[in-house]
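Taken in sequence, the protein lines are chains A and B.
Just so it is clear: in the first sequence, position 78 is 82 by our numbering, and no numbers are missing.
Just so it is clear: in the second sequence, position 122 is 152 by our numbering, and no numbers are missing.
Note that these hints are calculated values from the structure, not bench results.
Mixed in with the good hints, there may be bad ones.
Said to hold, decoys possible - With a straight-line Cα cutoff of 30 angstroms, these simulated BS3-like cross-link-like pairs (lysine-lysine) come out:
#1 52/A with 81/A
#2 161/A with 37/B
#3 80/A with 103/B
#4 103/B with 163/A
#5 103/B with 109/A
Listed here are the chains, written in short residue letters.
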Amino acid sequence: MNEPIDQTAFLAAVESSRAFIGKIASLYSQNSDERDDLVQEIWYQLWKSYPGFEGRSATSTWIYRVALNVAIYHLKKKKRRVHTVSMDALPDRIAELADPTEEEKWELLKQHVAQLNLFDQGLLILYLENKSYQEIAAITGISESNVGTKLSRIREKLKQQIFKSTNHGTR
Amino acid sequence: MELDELKSEWNSLPAPAAATTTRTSIAEPSWQRRYRQPLRRILMGEWAGALVCLMGIVYIIANLDQWVSLYGKILAVGTCIVLAGMAFIGIFSTRFWLQEPDYAETYARSVEIFAEQKMRFARWQQFNVLAGHLLLVLLMLLMMFRVTGKPVLEQPVFWTIAFSVGYLFLFFYARWVMRYYRRQIREAALLLQEMAPE
Numbered sequence: 005m006n007e008p009i010d011q012t013a014f015l016a017a018v019e020s021s022r023a024f025i026g027k028i029a030s031l032y033s034q035n036s037d038e039r040d041d042l043v044q045e046i047w048y049q050l051w052k053s054y055p056g057f058e059g060r061s062a063t064s065t066w067i068y069r070v071a072l073n074v075a076i077y078h079l080k081k082k083k084r085r086v087h088t089v090s091m092d093a094l095p096d097r098i099a100e101l102a103d104p105t106e107e108e109k110w111e112l113l114k115q116h117v118a119q120l121n122l123f124d125q126g127l128l129i130l131y132l133e134n135k136s137y138q139e140i141a142a143i144t145g146i147s148e149s150n151v152g153t154k155l156s157r158i159r160e161k162l163k164q165q166i167f168k169s170t171n172h173g174t175r
Numbered sequence: 031m032e033l034d035e036l037k038s039e040w041n042s043l044p045a046p047a048a049a050t051t052t053r054t055s056i057a058e059p060s061w062q063r064r065y066r067q068p069l070r071r072i073l074m075g076e077w078a079g080a081l082v083c084l085m086g087i088v089y090i091i092a093n094l095d096q097w098v099s100l101y102g103k104i105l106a107v108g109t110c111i112v113l114a115g116m117a118f119i120g121i122f123s124t125r126f127w128l129q130e131p132d133y134a135e136t137y138a139r140s141v142e143i144f145a146e147q148k149m150r151f152a153r154w155q156q157f158n159v160l161a162g163h164l165l166l167v168l169l170m171l172l173m174m175f176r177v178t179g180k181p182v183l184e185q186p187v188f189w190t191i192a193f194s195v196g197y198l199f200l201f202f203y204a205r206w207v208m209r210y211y212r213r214q215i216r217e218a219a220l221l222l223q224e225m226a227p228e
């Protein structure tokens, strides 16, 4: 177990997931320093667990599981609540922001995702990553039918949030 | 925002710059040590509290002869027991922060463990708040014996003012803290409930 890890093989294995690691770190952190810390923590845990991976599941399944689990542990370390933000404060759509910067787009994405509970956030992120129901089920450990049901509920929740904010006359 | 719109934005946004740098340093021990520090900072507060409790016990035992009456000695021993209990809970409950998840575990299981640990920690902290109530009463009685050398019932003014002020403060502070932990437990329980299979 203490054999040196082949760095080239490791980087090749996780290369395709760099963007996902960065995005998930952005969602689960509150500022750029925290995000950078979380990115490095995810890389560190992938590095540590790489020798034990042994290809028992798809590489992407392993990477996504580790990344999501590190994000949860990060929340625990920061004693962070998954708190909700009043929908009155959010624009419904990015199109409503005049010339949104990337930072503003990320902020809006984060705030919408933050409306969901911790588990649904993970489900949503995997769906946004174009993962199939089968892959999402493998990563999360729930059945495919449960994935479908929960994503339908998430879709409804997001629609209701738009409805609520429209009816409050804030737009 | 509709789900499809979210998906479109997610795919259009590039990953933050931090993710694109080459991670050649991850094998370096100094880099790995840096990431253990935030956890130690969190634990320091809990351990510092436990240390204060233990120092209190040492002080009381070292000065046990100052409380000459039987009541004084019983109060002193009772206070030590409560302090020891609070120190134990402070250290024991930090296991929650020390437990790293199995990162290869399924996401659902990790979230379950997270919620269960949170609930357990919040319940232990609630118990500590209640113990704090008892400790305040014991300490005031103890100090009054020490300060005036006279039994409680012969000092009604001191008793009334000190206890009222101290207890009022503790009442409102403890209420606020208990509400916080009750909310944590409720949220964690709701999360577990929502994760149950359909």
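Where does the structure disagree with the numbered hints, that is, which hint numbers, in rising order?
3, 4 and 5
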